[in-house]
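S.K.: Full structure from sequences and hints, please.
If you want the building blocks of each chain, they are given just below.
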Amino acid sequence: EPEVTQTPSHQVTQMGQEVILRCVPISNHLYFYWYRQILGQKVEFLVSFYNNEISEKSEIFDDQFSVERPDGSNFTLKIRSTKLEDSAMYFCASSGGLDSNQPQHFGDGTRLSIL
Amino acid sequence: DAKTTQPPSMDCAEGRAANLPCNHSTISGNEYVYWYRQIHSQGPQYIIHGLKNNETNEMASLIITEDRKSSTLILPHATLRDTAVYYCIARNDYKLSFGAGTTVTVRA
Numbered sequence: 001e002p003e004v005t006q007t008p009s010h011q012v013t014q015m016g017q018e019v020i021l022r023c024v025p026i027s028n029h030l031y032f033y034w035y036r037q038i039l040g041q042k043v044e045f046l047v048s049f050y051n052n053e054i055s056e057k058s059e060i061f062d063d064q065f066s067v068e069r070p071d072g073s074n075f076t077l078k079i080r081s082t083k084l085e086d087s088a089m090y091f092c093a094s095s096g097g098l099d100s101n102q103p104q105h106f107g108d109g110t111r112l113s114i115l
Numbered sequence: 001d002a003k004t005t006q007p008p009s010m011d012c013a014e015g016r017a018a019n020l021p022c023n024h025s026t027i028s029g030n031e032y033v034y035w036y037r038q039i040h041s042q043g044p045q046y047i048i049h050g051l052k053n054n055e056t057n058e059m060a061s062l063i064i065t066e067d068r069k070s071s072t073l074i075l076p077h078a079t080l081r082d083t084a085v086y087y088c089i090a091r092n093d094y095k096l097s098f099g100a101g102t103t104v105t106v107r108a
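Line order of the protein sequences matches chains A and B. For what it's worth, my numbering labels the leading residue of the first sequence as 1, then goes sequentially. For what it's worth, my numbering labels the leading residue of the second sequence as 1, then goes sequentially.
Hints in this document: simulated from the structure, not taken from any laboratory. Since this is a predicted model, take the numbers as computed values, not measurements. Heads up, the beta-carbon is just placed ideally off N, CA and C, and yes, glycines get one too. Be careful, since some hints might not be right.
Unchecked claim - Partner residues are not named here, just some residues of chain B that face chain A (Cβ under 8 Å, in silico): (1) 29; (2) 32; (3) 41; (4) 42; (5) 96.
Said to hold, decoys possible - Calculated cross-link-like contacts (lysine-lysine; reagent style DSS-like; alpha-carbon spacing at most 27 Å): (6) 83(A) - 42(A); (7) 3(B) - 42(A); (8) 57(A) - 83(A); (9) 42(A) - 78(A); (10) 3(B) - 69(B); (11) 42(A) - 57(A); (12) 3(B) - 57(A); (13) 52(B) - 3(B); (14) 69(B) - 42(A).
M.R.: Laid out in structure tokens, this is it:
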């Protein structure tokens, strides 16, 4: 069964450094998402992306965050100047459509630890 | 998205059916009911979704009441590997809004 893959599984970074989290969505999907989950808290939506543009973003997704589809297979989340509170699990998801009848399929996440 | 209400936790016996309730009394006509689960710290796993009709797939069945104000996810034969947090989400948007879910513990 096709799946979303994320790398690395764990990333440790010094505060203030830039970090890039990578995702390979399901191959025929065109809609991509990032969510995060701070330890012990709910899964939160960050951003959705289609046709090389952000479709929607949450208030969490401020100027330190950016997303990119650098080639035909990868989808990345960049955090420019990391803060301690960015420590969380980051999940990538993809779907075959944007409408609410299209399930999103998630990767197993990258655990980001900011020191 | 409409708010959903789920019990915080429930236990079930291995091999028995697990029935997970969800209330969504303010759901609108175009909102789908989605179920996901999260095993330990893995990514949320899609289980099933529906709008009005009952749905069944290889993982589970979804029963939606006629007035659509509540639904039940049924795991027909629970195994220890079904121990997870289960999320019921009413969705009419392209983002998923996760709540706290129900922590289901399957006991041998």
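S.K.: Which of the numbered hints above does this structure break?
M.R.: Failing hint: just 1.
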